[in-house]
Amino acid sequence: MTEQTLVREDALISRFPEWVSADDRKGYEGYIVQSEHLIEVATGLRDEFGYDYLTNLTATDYYPDDFMETVYHLFRSTGGPALVMKVRTSREDASVPSLMPVYPGADLQERETWDLLGVRFEGHPDLRRILLWEGFNGHPLRKDWREPFYEEEGKPFKNRWPDGKVYRIEDKNPFNNNLDYPAGFNPETWVPEKDAALYAGVGLIEKPGETTDMKTDQVVVNLGPQHTSTHGVFRMVVRLDGETIKALKPVMGYLHRNHEKIGERNTFLQNMPFTDRLDYFSSMSNNFGYALAVEKLMGIKPPERAEYLRVMMAEFTRICNHMAAVGFFLNDIGAYFTPLLYALEERELILDIFEAVSGSRMMCNYFRFGGVARDLPDGIYEKIRKLVFDRLPRKIDELDLYLTQNEIIRSRGEGLGVLTPQQAISLSVVGPLLRASGVPYDIRRADPYSIYDRFDFDVAVRYHGDVYDRFLIRIDEMRQSVRILQQAVRDLPEGPIQEGKPQYQVRVPAGEAYGRVEGPKGELGFYVVSNGKPNPWRYHVRAPSFINLTALETMAVGNKVADTVAILGSIDIVLGETDR
Amino acid sequence: MKGQDDTTRYDIPPEIEGQVAITTLDKIYNWGRRSSVWPMMFGLACCAIEMICTAASRYDFSRFGMEVMRPSPRQADLMLVSGTVTKKMVVQIVRLYNQMPEPKYVVAMGACASGGGPFKEGYNVVPGVDRYLPVDVYIPGCPPTPQALIHGLITLQKKIDTQSIKNVRWYQKTGTETIPVPILGPDIIDPRQMELIKEYTQNKAAQESTESETPAVEKA
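Sequence order for the protein chains is A and B. For the first sequence, the positions run 26 to 605 when my numbering is used. For the second sequence, the positions run 940 to 1159 when my numbering is used.
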């Protein structure tokens, strides 16, 4: 592994000796690239080194040192470990060339980094705020930016522990509310930005080549944020010609709960329950990703039994999530609620197991650094065995039997919203969406973590890249999950479930780590930077639902407006994760 | 409703005995409303998933007359605020509430809607939807289990039972007031607080200018 890395390092540095240097800080990995030559290096990496898949893009603010680092995680779509690339800029005038020409999948992530950290991406065609609104004061993830309910830099806050003189933070705010305004601001003369820039982006003017013989008026329609088909508070702005979509812009941030800012105030372990609330359908896999990232930094590994329990819970989560995804998707295309009720029935049985092992149905908070929180309680093993050997395989077949050849789903799904493999990779699409487009990329195989290399399973893949295939692939994946579960239940060893003693306050050495898992919705990554203190310095979540939306416009343009609902349903987004 | 006292007071002919019930107007009015509460189909966050589970087969809140979830606020009479209310979303939430016809109720489901919950300290989070809307029932939990949600809804039914046609707000001459829609500024602006905000920002500006002047004087 180390040898391989060295060879790779040499190759890249000798290819671009002037522009690239190794990041030799202790605990860090990858390369530092000069900002002016970023595009050339990225093109080289893509075309000569095979790093065609940009999955994660974020920035780290090194305040009070006067620089910011934009971090890129690149992968080969054929599998293998990450190549980390960093670009340094000053804090005052943070600007980096946009990677949109090389990796179109950088679109939403660059907008997010601009919004939250104030890094300007030169050449980005539509650099607007994405999670907050135009007119918001400042870039909140900068280290010197303080929220209205600011108390201290890091938890535990002194008023809670050890002093214990608790007050309500509202009482210290002049508005008795979570509010703060810049000095001299006059609310009476304030003109809100509204969505002028957004509507300009959708464009009311026809682009050349779009005109047809018939002269038609085009209209802009908002779907959401309160719309039953958007799975939460997601909004799409579409420009329509008749019923055909000419342009589409996703609008998000209606559930932006400041996950990362709160995460950087929290201690490492305090973040665990917050990860549950990212993708609230699959809290166990979220725990998994975060635990992997921090364990990488700490250099520990959980004991055998804990590994098996982790894999079991993660696969149960996948079944749970795909059950719901299939059910809601059918809901969206008109099979109103009946398939969903069948799917949720199985989900409830899995939630019973989660409740038994972790104490909560949905927000499990089950993983710990170097293990899991609790062992299986009495009688649960038998229940799990019955479920994975008898009931679940039967019920998945039943769903397949009832739904797969159904007329509605075939006529609405086949050939709709096609994403070619090239498009999928360049748009950084992950998970079932990528595999339905014919790219057999599954992190459990491509870059194995935990003990997935021991199990016998196939990477589900389908080749049409349409909505129907995205439905089928979820059924396939549930079958594979059951296979893994059967092996894990069969081989579950006895033994401890926690490495060392369970601790509330873990010591995390300085450095950076990127932990990623194949979550039910795709690659869920956690980028954690530690400076040796009890709180993470940077805590970034690479959310699959968020980045999969980059491909929404490509899939939707040219289709009818009613089909966007089906296309969106086939992506399977969860707003808690999209907006964080 | 036939009791010993009733027969002495009301003379019921034998042919309709057992077919007539006597009650108050309030009781029959409330009975009708409490048994057909139509919630708005509107999920914000994690709690919405538990809300769906409550509507699904295992818990099934249609047993309490609530199965008709309406996507349009115009047809709903209960707003279940199921999740974290963010500053960006509260604008729409207030608008939706204003669009609901009376009688209308608000249930704050979960810790976030009740008081900000685990995300309270976030810069984009409203610490409780009751800063903007009048809340009838708060349901604790993160997220509340389906049982807790059903309990909350039964509590709402009990509240409906206690209301009287004489003094409910939607039959008052003054009518019900519309809640002013917040504005997205540098931070969210509640139009009811214009004066307060102005005072605060002016004070802050004055303070900053004196702070920047003082060291200059010292240097001089």
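What the hints contain is simulated information worked out from the structure, not anything from laboratory work. Keep in mind that this is a model prediction, so the values were computed, not measured. Mixed in with the good hints there might be a few duds.
Calculated lysine-lysine pairs in the DSSO-like style (CA-CA distance at most 30 angstroms, straight line) [what the hints assert, rightly or not]:
#, chain 1, residue 1, chain 2, residue 2
1, A, Lys111, A, Lys558
2, A, Lys51, A, Lys111
3, B, Lys1143, B, Lys1059
4, A, Lys219, A, Lys274
5, B, Lys1097, B, Lys1112
6, A, Lys190, B, Lys1143
7, A, Lys197, B, Lys1137
8, A, Lys190, B, Lys1105
9, B, Lys1059, A, Lys168
10, B, Lys1112, B, Lys1098
11, A, Lys180, A, Lys111
12, A, Lys271, A, Lys111
13, B, Lys1143, A, Lys183
14, B, Lys1098, A, Lys180
15, B, Lys1059, A, Lys183
16, B, Lys1137, A, Lys219
17, B, Lys1143, A, Lys180
18, A, Lys197, B, Lys1143
19, B, Lys1059, A, Lys558
20, B, Lys966, B, Lys1105
21, A, Lys168, A, Lys585
22, B, Lys1098, A, Lys219
Computed footprint of chain A on chain B, listed as stretches where at least three residues anywhere in the stretch have a Cβ under 8 angstroms from a Cβ of chain A [said to hold, decoys possible]:
#, region
23, 973-986
24, 1062-1071
25, 1074-1084
26, 1101-1115
27, 1130-1136
Ideal placement from N, C-alpha and C gives every residue a C-beta, glycine not left out.
Exercise. Among the hints numbered above, which are violated by the structure, and what are their numbers in rising order?
Worked result: Of the numbered hints given earlier, those the structure breaks are 8, 12, 14, 21, 22, 26, listed in rising order.
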